[in-house]
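4 protein chains.
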Amino acid sequence: MILSGSIQAHNDSLLKDHVRRFDFLRENIPAAEDIVSKLIAFQVAIPSWALGTGGTRFGRFSGPGEPGTLEEKILDVALLHQLNRSSGAISLHIPWDIPDHPDSIRSLADKYGIRFDAVNSNTFQDQPGQAQSYKFGSLQHVDKAVRKQAIEHNIEVIRHGVALGSNTLTVWLADGSCFPGQLNFRRAFLNTLESLQEIYAALPADWKMLVEYKAYEPNFYSTTVGDWGQSHLLASKLGNKAYTLVDLGHHHPNTNIEQIVSLLLMEGKLGGFHFNDSKYGDDDLTVGSIKPYQLFLIFNELVEGMDARKMDHALELAWMIDASHNVKDPLEDLLQSVEAILLAYAQALLVDRQSLYHAQQENDVVKAQEILQDAFRTDCRPLLAEARLRSGGALHPLGIFRDMQLRRTLTEQRGIHTVATGL
Amino acid sequence: MILSGSIQAHNDSLLKDHVRRFDFLRENIPAAEDIVSKLIAFQVAIPSWALGTGGTRFGRFSGPGEPGTLEEKILDVALLHQLNRSSGAISLHIPWDIPDHPDSIRSLADKYGIRFDAVNSNTFQDQPGQAQSYKFGSLQHVDKAVRKQAIEHNIEVIRHGVALGSNTLTVWLADGSCFPGQLNFRRAFLNTLESLQEIYAALPADWKMLVEYKAYEPNFYSTTVGDWGQSHLLASKLGNKAYTLVDLGHHHPNTNIEQIVSLLLMEGKLGGFHFNDSKYGDDDLTVGSIKPYQLFLIFNELVEGMDARKMDHALELAWMIDASHNVKDPLEDLLQSVEAILLAYAQALLVDRQSLYHAQQENDVVKAQEILQDAFRTDCRPLLAEARLRSGGALHPLGIFRDMQLRRTLTEQRGIHTVATGL
Amino acid sequence: MILSGSIQAHNDSLLKDHVRRFDFLRENIPAAEDIVSKLIAFQVAIPSWALGTGGTRFGRFSGPGEPGTLEEKILDVALLHQLNRSSGAISLHIPWDIPDHPDSIRSLADKYGIRFDAVNSNTFQDQPGQAQSYKFGSLQHVDKAVRKQAIEHNIEVIRHGVALGSNTLTVWLADGSCFPGQLNFRRAFLNTLESLQEIYAALPADWKMLVEYKAYEPNFYSTTVGDWGQSHLLASKLGNKAYTLVDLGHHHPNTNIEQIVSLLLMEGKLGGFHFNDSKYGDDDLTVGSIKPYQLFLIFNELVEGMDARKMDHALELAWMIDASHNVKDPLEDLLQSVEAILLAYAQALLVDRQSLYHAQQENDVVKAQEILQDAFRTDCRPLLAEARLRSGGALHPLGIFRDMQLRRTLTEQRGIHTVATGL
Amino acid sequence: MILSGSIQAHNDSLLKDHVRRFDFLRENIPAAEDIVSKLIAFQVAIPSWALGTGGTRFGRFSGPGEPGTLEEKILDVALLHQLNRSSGAISLHIPWDIPDHPDSIRSLADKYGIRFDAVNSNTFQDQPGQAQSYKFGSLQHVDKAVRKQAIEHNIEVIRHGVALGSNTLTVWLADGSCFPGQLNFRRAFLNTLESLQEIYAALPADWKMLVEYKAYEPNFYSTTVGDWGQSHLLASKLGNKAYTLVDLGHHHPNTNIEQIVSLLLMEGKLGGFHFNDSKYGDDDLTVGSIKPYQLFLIFNELVEGMDARKMDHALELAWMIDASHNVKDPLEDLLQSVEAILLAYAQALLVDRQSLYHAQQENDVVKAQEILQDAFRTDCRPLLAEARLRSGGALHPLGIFRDMQLRRTLTEQRGIHTVATGL
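Residue numbers (numbering that gives the first Met the number 0), protein chains in the order written: chain A, 0 to 422; chain B, 0 to 422; chain C, 0 to 422; chain D, 0 to 422.
Hints are supplied without guarantee of correctness; some may be wrong.
The list cannot tell twin chains apart, which means a pair is met if one copy fits it or any two copies do.
[Said to hold, decoys possible] Calculated cross-link-like contacts (lysine-lysine; reagent style DSS-like; alpha-carbon spacing at most 30 Å): (1) Lys236 x Lys143; (2) Lys110 x Lys37; (3) Lys236 x Lys309; (4) Lys366 x Lys15; (5) Lys207 x Lys236; (6) Lys309 x Lys134; (7) Lys268 x Lys240; (8) Lys147 x Lys134; (9) Lys143 x Lys366; (10) Lys366 x Lys309.
Bear in mind the hints are in silico, worked out from the structure with no lab data behind them. No experiment lies behind these values; they were computed from the predicted model shown.
Work out the full structure, taking the sequences as your base and the hints as a guide.
If you want it as structure tokens, here you go:
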């Protein structure tokens with residue numbers, strides 16, 4: 000679907016009010032233009048598996064019009080990107096999204112300005128006909144044959160990624176144990192390291208490997224890459240192309256994630272992000288729906304740390320949503336998530352860094368808090384709208400999605416009972 | 000399978016060593032005979048859905064020889080009960096276990112000394128062809144039609160239970176919300192109350208209703224029956240036949256569950272237990288595999304509180320396992336779970352209550368701890384073995400299960416790819 | 000100190016910018032006037048013990064110019080109230096704040112428009128010369144003599160409160176146990192109930208008793224009033240004058256506090272609030288400094304629930320800050336806390352309740368979130384400033400506090416090494 | 000006090016029963032003699048600050064007869080060591096325990112077979128007359144002068160340690176922040192690293208530095224050495240003499256500590272332990288009083304990992320208790336703690352490592368659990384008693400401590416109102 004005409008009409012109807020709001024804000028914020036430019040450049044990758052309804056171990060309540068093919072998934076992302084101009088990338092998951100014809104997939108994506116972000120391997124499920132089972136782990140497995148199969152799968156994922164123009168492999172391992180005694184932690188770590196080294200050796204020169212960590216689930220006693228320390232240890236031993244990937248939902252209760260972000264940036268080992276939100280565990284809720292201030296604090300560290308290393312905000316880290324949409328329309332949920340990410344980014348850009356530095360040097364805790372909260376409490380939504388307006392997107396993406404009844408159109412095209420691959 | 004002959008042979012081979020151990024223990028424990036009698040009387044219900052391999056939202060790795068029919072599930076429990084003589088009850092889950100011919104199912108169970116414990120309704124999944132969806136809740140739902148369907152389902156579950164000789168309905172609700180704003184908490188609670196009242200009205204005179212609570216999952220922002228306080232409030236408003244059911248995995252981190260148990264007993268509102276263990280959330284691991292001391296402390300309160308109310312330990316509360324077996328053979332897992340429950344019970348019976356009372360009256364914290372830990376550190380396994388021996392079970396249930404290769408027999412009978420209904 | 004002149008000058012200098020901001024907001028918010036009126040009426044009580052620097056078990060780093068007497072504490076609150084016009088109440092703690100001459104204290108408070116909010120008893124510390132020790136509890140104690148002493152202390156606190164014009168007693172109990180076995184939970188609960196009944200009997204006719212709960216600390220195994228369920232059970236057994244008090248820091252990790260608030264309001268048993276913020280436990284940080292969205296969600300339930308019962312927002316619940324200021328100037332911290340509370344209240348008032356109701360009735364989760372976040376993301380600070388302006392306070396209380404160097408003035412008056420009573 | 004005569008009499012009275020129990024156990028455990036030898040060699044250091052009653056921020060309830068001087072503290076440890084022969088080391092805390100005459104202190108300790116374990120610096124409190132305040136940190140501080148003072152204090156601690164024959168410095172830092180924005184995480188880390196490097200440079204050749212981490216408290220937003228990953232990063236950058244120290248209470252809820260232990264051992268970076276137990280946070284309860292199975296699992300990893308590196312269990316790691324005794328007699332509490340540590344160690348030694356290895360290689364999760372639980376469920380107390388008997392200690396240390404009324408004797412010597420330095 001090409002939406003430019005509709006977007007134009009939609010924007011026209013909202014323009015006057017938007018201008019009033021943006022003008023008010025511009026008067027308060029000297030750096031408004033700079034922030035708008037950075038917002039325009041910032042792109043968040045959409046994971047292919049988040050385009051369908053998610054579920055829990057207790058059940059799944061599918062919605063209508065889910066994408067049934069890789070092409071339809073790309074079209075979904077294209078739809079999002081037309082609306083918000085900030086979703087210009089897709090992250091595929093193998094084997095759920097093996098492209099039969101990489102070239103045609105690539106041109107379809109190109110047509111909509113979508114690039115292929117990190118490719119993801121899957122060794123946490125058994126596929127039909129698979130020789131070895133991952134019931135007791137993959138890269139950590141006590142049996143060399145299982146590890147070999149998992150290594151080869153990862154290398155195959157790299158091949159698919161190369162064909163699509165991706166340059167990053169994300170490795171998330173469910174490996175771990177459910178009971179004390181099940182695993183020798185040291186041998187599991189060393190097996191994992193050795194396996195990752197073999198995969199690392201197969202990385203093309205310009206590729207990165209992102210090693211994701213997670214505190215628990217689906218293993219309920221130990222996870223072999225369980226925290227940032229373990230991921231960082233692996234990435235350090237692997238080499239310069241290996242980095243840590245942070246997923247906001249993969250921590251123990253109360254963890255200070257923004258501090259981890261800062262330290263990984265300091266060490267040059269932060270590779271990217273999986274955004275989502277949660278109240279209890281890896282709940283995979285809409286970004287910013289539960290703890291928006293934490294999200295802002297994380298972006299505050301990201302901006303500070305990337306600037307300290309003179310990194311390009313938009314290009315050097317992998318930004319991706321990784322959420323599950325159990326009770327919302329996936330596309331609407333993703334629009335809300337991207338909005339929340341950009342809002343936190345805008346607020347972080349708004350922080351008066353010079354004043355913050357001085358407050359810190361003087362241990363003026365009250366003022367430091369005022370500076371952060373002044374940025375957070377500012378209503379930055381007009382900045383986001385302006386960025387979308389300038390780049391051809393919609394002033395109110397969710398509004399137009401609903402007004403145009405886009406889900407109904409998709410459902411008419413695809414049917415009510417399509418089920419997207421994914422969790 | 001009738002195992003009595005094999006059990007006899009197995010016991011003969013272990014008898015001498017057992018006698019030595021039991022005699023040693025009997026010399027140390029004056030109340031040994033009394034404890035053995037209580038252990039013999041204590042029965043733990045096996046949930047029908049725990050006889051197959053469990054899974055997580057990330058996948059499920061099935062095992063061989065799972066029971067495919069209700070008859071086979073009863074035979075599995077019969078097998079367990081022959082081995083440990085402590086699993087003489089089964090808890091069914093509707094609609095997974097609807098009996099086509101209740102009478103023949105009942106005689107099959109009778110043959111093995113198995114009774115029908117609490118029956119469980121399911122309004123957390125949609126069944127094929129169901130008129131209304133539970134995507135947004137069941138008994139709490141904003142739409143009366145959905146509530147009505149869920150109420151009727153519960154009443155139907157009672158009918159099935161009556162036909163089988165059960166006298167308890169367990170209501171676990173996944174109802175809640177995933178996002179702030181989704182739900183009006185008060186209206187959700189009041190709808191739930193009203194729905195439960197209609198179900199309560201349909202309870203036969205000698206029935207109980209157990210209202211289970213859970214802190215979170217599968218809803219990740221709020222759960223409408225989320226803690227013991229909410230369950231207790233509902234049970235109080237419902238009436239004398241309504242009780243709270245405690246599942247060990249349904250709490251926030253660090254919760255003192257034993258205190259909740261004590262207070263519910265004080266109020267006469269404790270209805271029963273779902274046993275399992277966990278490190279993170281509702282991990283549904285083998286009972287006693289992670290926090291055996293907590294399990295002992297819970298039994299310590301149970302024994303103390305039931306004795307204070309002169310309750311019959313074996314008859315007045317519903318004791319059930321509710322675990323998921325992702326990486327273990329379900330029957331082996333259940334043997335381990337029952338053993339852990341009985342061990343904790345035996346340790347709790349061993350506590351010197353008179354001395355404990357005096358230590359508490361004198362605020363002698365050191366001594367109170369010594370008394371509890373003396374019981375916990377005592378190796379009570381010979382008491383359990385003796386109880387099994389006297390009641391016709393096996394001295395070492397897991398040993399004989401493996402020696403006789405019972406899973407292999409079941410797999411030969413049922414096939415490798417049977418999948419039991421359940422999570 | 001009478002600050003009206005300085006405040007006038009301060010406001011004049013900021014007025015033009017304020018008017019611009021307020022006018023912009025008023026254009027967006029039809030209910031702006033109504034919200035401003037409600038903000039003016041809303042008063043937050045300042046606890047006398049929060050006027051000095053707090054500490055931890057590892058140490059305390061005092062600040063200069065702390066109030067050394069009850070008079071000075073009242074003057075501190077008067078200073079806050081002149082600045083923000085929202086701190087027109089003080090909550091005293093006995094025995095830290097026993098007034099020698101209640102009448103003169105009362106006229107001092109009257110002079111500044113300060114009323115006496117809830118009075119607080121202290122049975123978690125031993126005072127010099129005290130006959131019985133609270134080492135092993137107070138109202139729960141196994142020894143009747145200890146309970147009696149604690150009961151009498153509470154009754155004495157009521158007497159002090161009557162003399163000052165208070166009408167509420169807040170009972171926070173540290174009672175509990177540090178080790179399994181130390182306490183019989185049931186007897187501890189029943190002793191506590193009996194003790195509270197004796198105190199309740201001494202309440203004047205127009206008084207309330209607020210029963211506070213806390214999950215843990217300073218007892219590290221069990222707390223006798225440990226959660227809302229236990230507090231509610233006690234309050235229900237006590238009678239119509241007994242209510243539950245919610246302190247935001249007194250829960251297990253991840254607890255959904257807003258749901259508790261909603262249910263207590265539903266039952267007519269919510270008595271009041273202790274505001275603070277926390278990341279780990281009862282950290283007692285500045286309100287809104289860690290989880291401002293949670294604070295908003297709580298106020299969202301408060302507004303909804305109070306409106307449903309047609310309660311007066313400003314008068315029927317006890318609103319109090321209960322924080323500890325380890326690294327900030329206490330008065331600055333309190334200004335930040337009051338601001339955060341009013342901001343959350345304003346945002347909650349902004350929620351479009353009619354639309355939210357309809358979204359909930361339609362299970363439109365996306366829209367429900369949009370409605371809440373639209374309110375939260377709106378920059379409501381001009382509403383607060385306007386409320387202060389209209390009631391004679393400062394447009395920027397923290398700004399004027401710093402510009403006038405009020406702490407320096409206080410330090411010159413009181414000295415550097417005064418230490419306020421408190422934790 | 001020299002207790003050998005009394006111990007002899009005490010042992011005589013219990014000997015017959017002990018022999019019966021030990022003989023029974025020896026028959027079941029082929030390796031009994033080897034375990035007893037290892038138990039005899041294993042020594043746990045007693046921290047000088049744990050000899051007095053601890054407190055919380057809410058208060059402290061002192062007990063009688065606390066040691067008022069360093070000499071008395073050494074005599075307390077000597078008393079413990081005579082009773083259990085496993086407490087042959089003391090860990091001092093500077094400035095609480097500055098020895099005026101190191102030589103005489105050293106001979107006093109020698110006399111009782113007590114050596115000086117790690118010395119501990121204190122930069123989390125301000126001492127009277129101190130030039131710079133640690134209110135905003137020490138080794139992390141933005142002000143070089145504060146860092147310098149803290150560095151010099153640590154070097155002074157090393158000097159005291161050298162004079163006493165210690166060879167280890169433990170650095171625990173309270174450094175961190177209470178509010179977002181207060182600290183630049185990266186600069187705080189780098190300042191800390193630089194400061195530690197200066198201290199490291201002052202370490203004698205045969206010394207170790209142990210870098211302790213802690214998730215939170217007394218800072219409630221961030222801690223600069225907050226988890227094992229940060230400690231390990233610092234220790235790696237510092238050099239071969241720097242190690243990580245694990246305190247059981249310094250983690251987020253649910254953390255798998257045993258896995259951390261295993262990985263640190265794998266990396267050759269585990270330096271030592273602070274033993275205690277907890278249910279909520281850094282509760283500092285008696286070792287083994289809340290989660291004895293977790294303690295066993297940790298020792299299981301320690302034994303496995305030390306054996307894999309052919310380390311001497313008794314000599315190469317620093318074993319220390321770090322608990323607070325709020326409601327128990329400190330000496331009784333320490334006797335219980337040492338007993339719990341040795342019990343877990345004995346159980347871990349009992350694990351059939353060969354079978355466990357094979358079970359792991361076969362992914363036989365059920366058997367792996369059986370092997371661990373078989374060790375844990377075995378009543379190993381007679382092994383501990385035998386070890387004490389052979390090394391001249393008491394069969395029942397707590398029993399003789401009470402029978403001889405040793406606290407009464409100490410109180411008569413020292414008075415009721417002595418207060419030991421410490422928290």
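Hints that the structure is at odds with (numbers, increasing): 6
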